[in-house]
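Spelled out from the first residue to the last, the chains are:
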Amino acid sequence: MNVNKMYLLNRRQWRENYKVYRIAVLAMAGILSFLFLVTWHWRDSFAGDVNRGIFLIGLFAGGCLFGSSLLKDLSRPSKGMWLMGIPASAGEKLFVVILYATVFYLLTYLSLFYITEGFFSWLVKEPGMPVKHTDLLHNEFYNFFFTFINFQLLILLGSVSFKRGSLLISILLMIIVFSLSYNANNYLLMLMTGEKTIDGGGLYNYFQFRHAGENVYVYLPLYVQTIVTVFFNYCFPIVLYFIIYLKFQETEL
Amino acid sequence: MKQSNILLILLSLILLRGIYITDRLLARQYLKVNLDDPYKNFDSVAVQPFKALRITGGNGYAIRIMQGNNFTARVMHSRKSFYSMNALTDTLAIGFAVANQDYQRPEKCTVGLIITLPRLDFLQLSGTNNEVGQFHQDTLIIQQDKNTVTRLKDLQVDCLNLQGSGLSYFDFIQNNNVGNLIAHLQNNASMDFHQVNFKQFNPVLRDTAAIVLYRQSLEMARVGVIASDRSGR
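Top to bottom, those sequences are chains A and B. First residue of the first sequence: 1, per my numbering; consecutive thereafter. First residue of the second sequence: 1001, per my numbering; consecutive thereafter.
Chain B on its own, in the form it takes in the complex (with noise of 0.2 angstroms):
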């Protein structure tokens, strides 16, 4: 037999016995798997405690930053080599590198990684696709920029500071209760009053900033006349 062929025969058998030995430790890691876990497709990163949160990245998966006991993150397996992380003093700084694409529905996205945290003070993103949810304290700042969309869902917040530019995009999607609530968006940033009850609210708009109340929000606010239509905006 040729040289060439008995080669091919070996690189052959090497690939499939490398099928068998992979499919063998596969099957292994299989049995490690919870079912029971709702993190089962997430990798535990250590993280240290931390008071500021910056995530720079992508919005082809989604990032929950909800109030936890402990300071943890957990990162989507297959998305591991994505993330970086870079602590400061205070300051976690975290990117998230996923794919960058024009989703009609953000909220449809995969959540690729989840931070619980005790207390969030300020909260920094760019250009990432974000759930933030369930803190329960007096002060909460956030910031964004670059195309992001940050979904917010039980809060119970004393002061929610909520600062957008660059096409980013708030909404109040669930059940959040803000004493007083400040606005200062600009460029195309926007902000949508889904779900909020607050007490207060102090809008600061520029350039071609928008925000979209609904009849309850107004009606929350006291505001003395309500002309509503048949859509309820």
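Only chain A is shown next, with the shape it has when bound in the complex (with noise of 0.2 angstroms):
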């Protein structure tokens, strides 16, 4: 990989694009100050961590829709033909499709959520009681950043696999397998351990099921979880980024 020539189709995506990401960006201010607008004022019936809420709605919609736009010129043979043209190698321009889909957009949107909870908590805020921020960091609620990762990902996959469309079959096709895996799952359960009254689980991780009116929790031995965490924060992207690499080129072919 050529580092100039990544840095020129750098240029090449900001120069045609810099007008439509200054609207994005404005845009996105603005749905963020109307979701904090709305939960602020009737926040007696948003109880709880709101603004982490509607910083991963902000996240993941505009994060999909943004990864989408990228490669939609794959859609259509005319402007596909002339994506292909540029003389670059099929790793180099998806290695900027995805610093653009992933890491600028991260950046770009901490900053844009910061900036504008920061202008709204000053404008609402109350004598004497400090402007709350929210914390990202603690909880381990960054573990937002890798699902983050691997849903932009599925969303490029979804991009070079489907020619119309890309973005809501992606969407689609992940809400239908999520929901098919997840009942599958407790079905799956139910017929291994014989217990009727499973109410509900994660994939990968943990079972509940009621017993005298409580809820009890069986968890996945501990290097378990550790495992099923290596394997969904580091093996499964990369691996998403080869077959995404793989559509890509063949689609050049």
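Some hints could be false.
What the hints assert, rightly or not - If you anchor each label on the Cβ, the simulated ranges turn out as follows:
| hint | chain 1 | residue 1 | chain 2 | residue 2 | range |
| --- | --- | --- | --- | --- | --- |
| 1 | A | 110 | B | 1200 | 51 to 59 angstroms |
| 2 | A | 171 | B | 1111 | 15 to 23 angstroms |
| 3 | B | 1105 | A | 202 | 21 to 29 angstroms |
| 4 | B | 1207 | A | 18 | 49 to 57 angstroms |
| 5 | B | 1210 | A | 214 | 33 to 41 angstroms |
| 6 | A | 162 | B | 1105 | 45 to 53 angstroms |
To be verified - Straight-line C-alpha distance at most 27 angstroms; calculated DSSO-like pairs for lysine-lysine:
| hint | chain 1 | residue 1 | chain 2 | residue 2 |
| --- | --- | --- | --- | --- |
| 7 | A | 72 | A | 5 |
| 8 | B | 1108 | A | 132 |
| 9 | B | 1146 | A | 72 |
| 10 | B | 1146 | A | 125 |
Please keep in mind that the hints were generated in silico from the structure rather than gathered at the bench. Where a beta carbon is used, it is the ideal one built from N, C-alpha and C, also for glycine.
With the hints as a guide, bring the two chains together.
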């Protein structure tokens, strides 16, 4: 991979789209302000850590729209040809796209979120009360980062796999696969354990059942939990990257 | 077939196989669960003997501190990663960094940490949601701040010293018998006398601290005239 070429690809991406990105940043700030306003105005109905919820909604909703826009040229042969014609390897082009979809987006979104939140908190702060900021580093909340990377890669995989409506198809597929596997998993656990009251759980993680009016939780042994975490946080995105790379290369051919 | 599709199918097969393997392991763990054990959702953590206990953290899960024969700490399986501990000579410092929320009914929160010990001299709480109970001893000092809520139940203490600041709240919820009750409250700290018998009461209140007394509390203290209204306050 040639760093100079990637720098040029990055400049091309920026030059071509900076006007749209400027509007997108303003739109995102507007949406975030609106969400802060709604949850603040009806704060009695929104108990709990609302700002983290807003953070995640903005991060994922904006992220998938932005991620899918990066490879939208591939959906039309005429535009796709032009993208393919740029003298850089598939790996270089893909690297820049992934850089935009994950690192650049995340950094922009984080600064945008804190600026908007800071401004809003200052606007509605009550005298004598300290201004609260969303703390994303405590209570393992930073795990959102790994989920976000995987999510963006799945959106990009959708972009290179489906010609039309790739974003909608990808999101629909994710919802279908997740709900199917969730229910199938509970059913499988019911068969394996003979426990009829299994009413929830997480794939590759735990399940819960009811006994004498209380929920009983069954967890995987600690070493298995570590293996699962390492697999989904590190191995899974690398494999996804390779699949996207192969798909992208095949489209070029 | 395209290379990418082969890799995609391979990945899907690994994920499906993973579900099967983890489910088999979960089924094995399920057989180990003792349904009669009241602490089946908890993991034991080894603790050294201590006299003073300091807990800081969040209020999303309640902490129960009670008298028992041994020094034990039990953490809910799912909250284990939020638990940290540091032993200093005779003090045990615990961090229980669960989420912080503005609960209207903190007593409804699930208990996430249970600590038992034969005798507790000093308890310092910060930001947590607690239930302290069943201590039968001569003295006990509880100090709390930062929105801490502490429900006291089944206490039999000769001299109970409660110190609250920063919007913290003490609530005597059930069957408490205290000889000398000392209360030092400041800022917006408050205390509620729902169910407590005491012989002597020495309050020191600063700023806008508040104590909610009931008619029976005053009767117990043998205060001369009781002006009662319909609510019993």
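Verification of the hints:
no.: 1; hint: A/110 <-> B/1200: 51 to 59 angstroms; verdict: holds, 56 angstroms
no.: 2; hint: A/171 <-> B/1111: 15 to 23 angstroms; verdict: violated, 38 angstroms
no.: 3; hint: B/1105 <-> A/202: 21 to 29 angstroms; verdict: holds, 27 angstroms
no.: 4; hint: B/1207 <-> A/18: 49 to 57 angstroms; verdict: holds, 55 angstroms
no.: 5; hint: B/1210 <-> A/214: 33 to 41 angstroms; verdict: holds, 36 angstroms
no.: 6; hint: A/162 <-> B/1105: 45 to 53 angstroms; verdict: holds, 48 angstroms
no.: 7; hint: A/72 <-> A/5; verdict: holds, 21 angstroms
no.: 8; hint: B/1108 <-> A/132; verdict: holds, 25 angstroms
no.: 9; hint: B/1146 <-> A/72; verdict: violated, 51 angstroms
no.: 10; hint: B/1146 <-> A/125; verdict: holds, 19 angstroms
When the structure is compared with the earlier hints, violations turn up for hints 2 and 9 and for no others.
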